Amino acid sequence: MHFLAKSAALAMVILGCASVSVVAADDPIKTRQDLMGGIGKAMKVLVPMAQGKTAYDAAKATDALNAVATNIADFPNHFPAGSDQGKTDAMPAIWEKMDDFKAHATSLETDAKAALAATASLDTFKPAFMKMAGNCKSCHEAYRKPS
54 MHFLAKSAAL AMVILGCASV SVVAADDPIK TRQDLMGGIG KAMKVLVPMA QGKTAYDAAK
114 ATDALNAVAT NIADFPNHFP AGSDQGKTDA MPAIWEKMDD FKAHATSLET DAKAALAATA
174 SLDTFKPAFM KMAGNCKSCH EAYRKPS
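Under this note's numbering, the first residue of the sequence shown carries the number 54, and numbering increases by one thereafter.
No lab work stands behind these hints: they were computed from the structure. Bear in mind the structure is a predicted one, so any value in this text is a computation, not a measurement. Take these hints with a grain of salt, some might be off.
As the list claims (entries may be wrong) - Listed next, the in silico PhoX-like pairs over lysine-lysine satisfying Cα-Cα at most 20 angstroms (straight line):
#, residue 1, residue 2
1, Lys-106, Lys-94
2, Lys-184, Lys-166
3, Lys-94, Lys-179
4, Lys-190, Lys-179
5, Lys-198, Lys-155
6, Lys-106, Lys-179
7, Lys-94, Lys-190
8, Lys-184, Lys-94
9, Lys-113, Lys-179
10, Lys-155, Lys-166
11, Lys-83, Lys-155
12, Lys-97, Lys-166
13, Lys-94, Lys-113
14, Lys-140, Lys-198
15, Lys-97, Lys-184
16, Lys-155, Lys-184
17, Lys-83, Lys-94
18, Lys-198, Lys-150
19, Lys-166, Lys-179
20, Lys-113, Lys-97
21, Lys-179, Lys-97
22, Lys-184, Lys-113
23, Lys-190, Lys-97
24, Lys-190, Lys-150
25, Lys-140, Lys-83
26, Lys-155, Lys-190
27, Lys-83, Lys-198
28, Lys-166, Lys-94
29, Lys-166, Lys-113
30, Lys-184, Lys-106
31, Lys-198, Lys-166
All chains should be modelled from the sequences, with the hints used to inform the complete structure.
What follows is the structure in structure tokens.
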């Protein structure tokens with residue numbers, strides 16, 4: 054009988070862990086942070102190239118811009134009602150003006166794809182990247198808590 058009680062307790066712990074990992078995998082705040090973290094990582098590659106602080110590398114720019122376009126396309130899908138609570142930098146305005154917020158994301162995706170088409174040289178990349186970066190800034194100003 055003691056063995057059965059221990060087995061049942063172990064099963065509850067295992068099931069409890071499984072449910073925690075399901076919640077973690079379905080955590081919209083974490084998902085948003087991961088997606089934006091990927092964009093931030095890409096920007097750490099792109100900004101120094103645009104500023105002339107590192108050599109322009111079309112292949113690296115392409116990889117980084119693909120990450121921006123892919124991540125921002127999924128980003129607005131992770132703002133369900135109630136996900137404004139918890140450790141998040143998302144401002145309440147997102148849920149109040151969801152259509153505008155999604156338009157910002159679509160604009161960034163469009164500009165990232167335009168920058169992808171302009172990776173032939175630094176001269177073509179830089180203006181396209183600057184337009185894209187402007188979208189990042191305007192969205193952060195409207196929808197991200199100041200850091």
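A quick look at each hint next to the structure:
| no. | hint | verdict |
| --- | --- | --- |
| 1 | Lys-106 with Lys-94 | holds (16 angstroms) |
| 2 | Lys-184 with Lys-166 | holds (11 angstroms) |
| 3 | Lys-94 with Lys-179 | holds (18 angstroms) |
| 4 | Lys-190 with Lys-179 | holds (16 angstroms) |
| 5 | Lys-198 with Lys-155 | holds (17 angstroms) |
| 6 | Lys-106 with Lys-179 | holds (13 angstroms) |
| 7 | Lys-94 with Lys-190 | holds (16 angstroms) |
| 8 | Lys-184 with Lys-94 | holds (18 angstroms) |
| 9 | Lys-113 with Lys-179 | holds (14 angstroms) |
| 10 | Lys-155 with Lys-166 | holds (17 angstroms) |
| 11 | Lys-83 with Lys-155 | holds (19 angstroms) |
| 12 | Lys-97 with Lys-166 | holds (18 angstroms) |
| 13 | Lys-94 with Lys-113 | holds (12 angstroms) |
| 14 | Lys-140 with Lys-198 | holds (11 angstroms) |
| 15 | Lys-97 with Lys-184 | holds (16 angstroms) |
| 16 | Lys-155 with Lys-184 | holds (18 angstroms) |
| 17 | Lys-83 with Lys-94 | holds (16 angstroms) |
| 18 | Lys-198 with Lys-150 | holds (15 angstroms) |
| 19 | Lys-166 with Lys-179 | holds (14 angstroms) |
| 20 | Lys-113 with Lys-97 | holds (11 angstroms) |
| 21 | Lys-179 with Lys-97 | holds (15 angstroms) |
| 22 | Lys-184 with Lys-113 | holds (19 angstroms) |
| 23 | Lys-190 with Lys-97 | holds (15 angstroms) |
| 24 | Lys-190 with Lys-150 | holds (17 angstroms) |
| 25 | Lys-140 with Lys-83 | holds (9 angstroms) |
| 26 | Lys-155 with Lys-190 | holds (15 angstroms) |
| 27 | Lys-83 with Lys-198 | holds (16 angstroms) |
| 28 | Lys-166 with Lys-94 | holds (17 angstroms) |
| 29 | Lys-166 with Lys-113 | holds (15 angstroms) |
| 30 | Lys-184 with Lys-106 | holds (19 angstroms) |
| 31 | Lys-198 with Lys-166 | violated (27 angstroms) |
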